[in-house]
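Asker: Which chain is which? The protein sequence lines are A, B, C and D, in order. Numbered according to the numbering used here, the first sequence spans residues 308 to 655. Numbered according to the numbering used here, the second sequence spans residues 308 to 655. Numbered according to the numbering used here, the third sequence spans residues 308 to 655. Numbered according to the numbering used here, the fourth sequence spans residues 308 to 655.
These are computed hints drawn from the structure, not numbers from a lab. Some hints could be false.
Copies of the same chain look alike in the list, so a pair counts if it fits in one copy or across any two.
Derived EDC-like pairs: lysine to aspartate or glutamate, alpha-carbon spacing no greater than 16 Å straight-line [to be verified]:
id, residue 1, residue 2
1, K534, E609
2, K472, E346
3, K534, D612
4, K472, E370
5, K433, D414
6, K420, E609
7, K472, D568
8, K420, E644
9, K472, E644
10, K420, E370
11, K310, D392
12, K420, D368
13, K474, D572
14, K420, D478
15, K496, D572
There are 4 protein chains.
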Amino acid sequence: MSKLNIGIVGATGYTGVELLRLLAQHPHAQVQIITSRGEAGVHIADYFPSLRGVYDLRFQDPEHADLSQCDVVFFATPHGVAMRDAPALLEKGVKVVDLSADFRLQDVPTWEKWYGMPFTAQAALKQAVYGISELNRAQIQQAQLVANAGCYPTCVSLPLIPLLKNKVLQDGMPIISDCKSGVSGAGRKAAVGTLLCEAGDNFKAYGVAGHRHLPEIRQTIALFDEKLAEKFIFVPHLTPMIRGMHATTYVHVQDNINPHDLIADFYSGSPFVDVMPIGSTPETRSVRGANICRIAAQRAPEYTDNVWILMSVQDNLVKGAAGQAVQNMNLMCGLPETAGLSQVALLP
Amino acid sequence: MSKLNIGIVGATGYTGVELLRLLAQHPHAQVQIITSRGEAGVHIADYFPSLRGVYDLRFQDPEHADLSQCDVVFFATPHGVAMRDAPALLEKGVKVVDLSADFRLQDVPTWEKWYGMPFTAQAALKQAVYGISELNRAQIQQAQLVANAGCYPTCVSLPLIPLLKNKVLQDGMPIISDCKSGVSGAGRKAAVGTLLCEAGDNFKAYGVAGHRHLPEIRQTIALFDEKLAEKFIFVPHLTPMIRGMHATTYVHVQDNINPHDLIADFYSGSPFVDVMPIGSTPETRSVRGANICRIAAQRAPEYTDNVWILMSVQDNLVKGAAGQAVQNMNLMCGLPETAGLSQVALLP
Amino acid sequence: MSKLNIGIVGATGYTGVELLRLLAQHPHAQVQIITSRGEAGVHIADYFPSLRGVYDLRFQDPEHADLSQCDVVFFATPHGVAMRDAPALLEKGVKVVDLSADFRLQDVPTWEKWYGMPFTAQAALKQAVYGISELNRAQIQQAQLVANAGCYPTCVSLPLIPLLKNKVLQDGMPIISDCKSGVSGAGRKAAVGTLLCEAGDNFKAYGVAGHRHLPEIRQTIALFDEKLAEKFIFVPHLTPMIRGMHATTYVHVQDNINPHDLIADFYSGSPFVDVMPIGSTPETRSVRGANICRIAAQRAPEYTDNVWILMSVQDNLVKGAAGQAVQNMNLMCGLPETAGLSQVALLP
Amino acid sequence: MSKLNIGIVGATGYTGVELLRLLAQHPHAQVQIITSRGEAGVHIADYFPSLRGVYDLRFQDPEHADLSQCDVVFFATPHGVAMRDAPALLEKGVKVVDLSADFRLQDVPTWEKWYGMPFTAQAALKQAVYGISELNRAQIQQAQLVANAGCYPTCVSLPLIPLLKNKVLQDGMPIISDCKSGVSGAGRKAAVGTLLCEAGDNFKAYGVAGHRHLPEIRQTIALFDEKLAEKFIFVPHLTPMIRGMHATTYVHVQDNINPHDLIADFYSGSPFVDVMPIGSTPETRSVRGANICRIAAQRAPEYTDNVWILMSVQDNLVKGAAGQAVQNMNLMCGLPETAGLSQVALLP
């Protein structure tokens, strides 16, 4: 079986290097083209020393790279780029996994409000499938364009989806997701706020007045219950570590319902969602480098109402970004869902 | 003015060394006795190299140390010790600040349930004043025994107290406090779970099935509203940093009420509570080493009900422990509340 | 081809879990037995959550585990255990890779001096091959017992070996190796000194008055030059990170010799030693999780004599321990040297 | 006694905020003017939240700030600024402490070679005193302009000075200083290399081909022995922590000389240099936030020649920058050397 020919647009960031790490070990895919405007001509091994001896590739100028020869192109770019460049690739039959936010929101005015620019790829948007693999597995298998889900939306939605699908959440009560992310979620750009001396040994909330992942998560909730979507509250925090994301989500469940079992049942056939036994607490390091979302659920103690605490962890760069992108590629291309994704978490 | 003669029982832990750091610069207090069963005879400078040149003291065996000569004794011990040893000191007129949990809960069965041992100091408990300085300033000024509040209870209660006092929270709705602590909260004992290689670059919840600070915080809420106390949900998390605590507390507020202003008004005369302008997010490092609880409040965005997000940060070893203990000592001894507590936070 | 049947003695530490991570992806080996006295009966997934879904194994009591059925047994134990238990396995034809120090020093009195206990396995010692794979590749291929090299000795020796072999170091001048290790080198045992709050945000030397890896490195140098071995100075330091080791080694080289080229030539056929171009500086993270020792060399600037600075990095748990152990197993068993060791470093 | 009127030029960096922290508690000094081109008009509390409630100052545009009214002005700026602006202040009688490198090297061609720009303040240079307080205490007391020493030069020079002064180092043998710095040494500027995700959990050398502090340290050695200055080798490393610096310096000492005692004697009257007992190893955290250089010395074990390992630690932002600057100000202004510098190190 010949290998898929892969291109990566914008391979200088953390999701880019993570795609390269994962695809290096993929049995059915081979990266052929990587692009970067700023680093055109530079050898990947000079840019990312972790890839010395792994790839013999140089960054190409995106203006001149012939991405149409690829079977699959990943966009690991800021928003706005895939919207501009993906449609031409789609026309030529290339499959596209967009790791940016361009095709995540189906409602154009909402997208334009949160991303602050005009949306210009309506035709492509119509065919885009939202890329939480476990939510849309069947559609992704048929898709030519997948909008890889955001890191927070993946981590928050996975434990919620089985409860929403089973309609066991109480009407009118809040769904509160208090989320914590490692600093790599902010990307690999020069900025004061993510310096080691600023973000290290420090904890803070951010985006409290409104974060772009709020409408994305609400869109997923609304697939099941539009009213509950409006009851969703989301506060992200920055935690002083490189990788890892932890969502703590507080839900009001109908009487006599045990959400743990519903979640465990729902994901019994999903290789990358691991539901722990009752009484467990997941740790972010248990999934460091691995394409896994690990979930535990616990009823709020000493509390009269049936409130549950859903804890979900993932590596924000893997199941929250590049890993799920490869998982989606596998689905799109008819490969085994787990191909190239058997990395064991790095602990300690 | 002669200096207060200070004793510290159990000075080998993190709250002990922090008391020593703060009291070294106190204009009206001098540490005369430090005790430790395991380290009796050892010079403090050999134990804590940060104190070389600062103190010329050796640990004394608690059996032989004459703590009754002290004006004030701090217990920086595991629970059970102050309960056993403080009553004799109180009888001799010594003032006691207990940094352990022994005298924090006024309901003995509740204490015994959560701490798993019989409570044996009922007489002392009757005179104990709960030591959140800003909550009980007047009573602390008259107290001989102060039960220094826990770290989480201080951080969570401070933003809640003004709202409870003003009775502006909605009945029947949950108060959810999602808390994050640096690892020093777990103390300075040999344990696998708090090794750098276990707790570093990792984030997790703990005590989800029930944490001892839950009844302590509920006791404070119940001072104002017993029903709301039962609606309090608390989940602590461990974050990979040494010092610092962040509470994110979600409250349902009555219509047309702005909790930010109530909190700011309430603490206008409190030197160690800093309420930030609307739109701010406090950072734990902004109080590293300083006796400050810094608070911000933000209305939940895109939400129909009047839900507010209260963010409060403190150094868990200072305002969350040793700093508040000194603050309480100042109040008990008629000293200026700020004496010895003007350390500026260490940033970066 | 059937898979090798693997046993791991003492699989509860960091080298144990790292062996399990690496062997999970090994195409020709399968772990069948893991032992632990303290955790007998516990499922590996309950002990190391990173291994949930990867292995279905329980720790066995070492007294009852039938390790003689294994093809290869790894000892990931404190010193003293392999010395006691390996000889019986060797007699039954089992191949043994000892990750402890028991068989590293060929001189028994030296071993007894540094390890403080009697040495009792002289017969086994005679057949032990010292396990720096690149130093003793041919002998390891014939060996039944390999004494896997220490972490510092591997990192320090690899850049030195080509210079020693080529006899280009100046007589009588010191070889100074200033080494820095991540905290995982201290193992996974409850201890105050390696708590996050003690070892975090802190840097210090340790073992300055004498570290057990000093005689081990000198033994390797003495293979080439006994006098130079006595000129070797070694100071290890603890750096606040989980994994990673950096050796900075200062050597006096004979005039007109370029040690960079000698090192690069020597390792041209070694898949796990990467020599960077002149002017580079290796980073520990570039090998995080990968079985690579990455080396750079730089002439001391503005200096009259031909002094060179050799910089070498490795993941102390991989090329410094479990990865090299698997590499040695591959050599011992006639497998491709790289089998199961193609993990790409995790960056960031 | 009226307080000294202080100005700080370039107060937005880490040495700036550290000066502000230290001077807030200084009994004889008051900061009146802070300048920043980029942040003119911004309140210091909005820029550094750690200073909320500590200062009521706004950044002034350096073009319009009247620094000539100050008694002392600190330059916490990149090189080139003090060279341009200090001379006018000196003419008006203002005392200047320059924390940048402008006046550190007395040899102008050397300065121009290493700093890559023309040097234009020869007159001021003639009166500049090099500001290692313990080296030049008497001259600093008379100085109007002090060139505050670099962080590495302070940490490396302090243990060497007594040995150089006593002429006990062997001729012709190298002095090798292997240094490790926390990331704050790189300053508070947006840069990829010092992001938490790049510098965290990572260790590397840098500046191996030549670092600007090499000629600065050699200049100090040459005060005592010009030939030995040429034998000095210096390699700095970046260690994943915020504050702290550790120098490990290897020296060849003449027979029968014990450098530990020479160092201890030399600093017996120096309040900010602490020499530990033989057998100790200093930790960077033992001086976190404190104006102390802590030193230990150990003879190289198992070595025939009299080689000693000098270990010195400091907080790079305090004794390595702002603290020493205040110490120098105290000396220049006839204040007690320790005024305002009694902060106890923050441990943990």
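Asker: How would you label the pair K474, D572 (within, between, both, or neither) given a Cα cut-off of 16 Å?
Answerer: This pair counts as within: shortest intra-copy Cα distance 15 Å, inter-copy 43 Å.
Asker: Classify it for me, K534 with E609: is the Cα-Cα distance of at most 16 Å met within a copy, between copies, both or neither?
Answerer: between (28 Å within a copy, 13 Å between copies)
Asker: Classify it for me, K310 with D392: is the Cα-Cα distance of at most 16 Å met within a copy, between copies, both or neither?
Answerer: The answer is neither: 24 Å in one copy and 48 Å across copies each exceed 16 Å.
Asker: Go through the copies and call it for K420 and D478: within, between, both or neither, with a Cα cutoff of 16 Å.
Answerer: Neither: 28 Å inside a copy, 35 Å across copies.
Asker: Which holds for K420 with D368 at a C-alpha limit of 16 Å: within a copy, between copies, both or neither?
Answerer: neither (31 Å within a copy, 37 Å between copies)
Asker: Are the CA atoms of K420 and E644 at most 16 Å apart within a copy, between copies, both, or neither?
Answerer: Intra 35 Å, inter 49 Å, cutoff 16 Å: neither.
Asker: Taking 16 Å as the upper bound on the Cα-Cα distance, should K420 and E370 be classified as within, between, both, or neither?
Answerer: neither (29 Å within a copy, 41 Å between copies)
Asker: When Cα atoms must be at most 16 Å apart, do K472 and E644 count as within-copy, between-copy, both, or neither?
Answerer: neither (23 Å within a copy, 50 Å between copies)
Asker: Should K472 paired with E346 be assigned to within, between, both, or neither, using CA atoms and 16 Å as the limit?
Answerer: Neither: 46 Å inside a copy, 40 Å across copies.
Asker: Between copies, within a copy, both or neither: which fits K472 and E370 at Cα up to 16 Å?
Answerer: Classified as neither; 45 Å inside a copy, 51 Å across copies.
Asker: Within, between, both or neither: how does the pair K433, D414 come out at a Cα-Cα threshold of 16 Å?
Answerer: within (10 Å within a copy, 62 Å between copies)
Asker: When no copy is named, should K472 and D568 be tagged within, between, both, or neither for a Cα gap of at most 16 Å?
Answerer: within (13 Å within a copy, 41 Å between copies)
Violated hints for the displayed structure, listed by number in ascending order: 2, 4, 8, 9, 10, 11, 12, 14 and 15.
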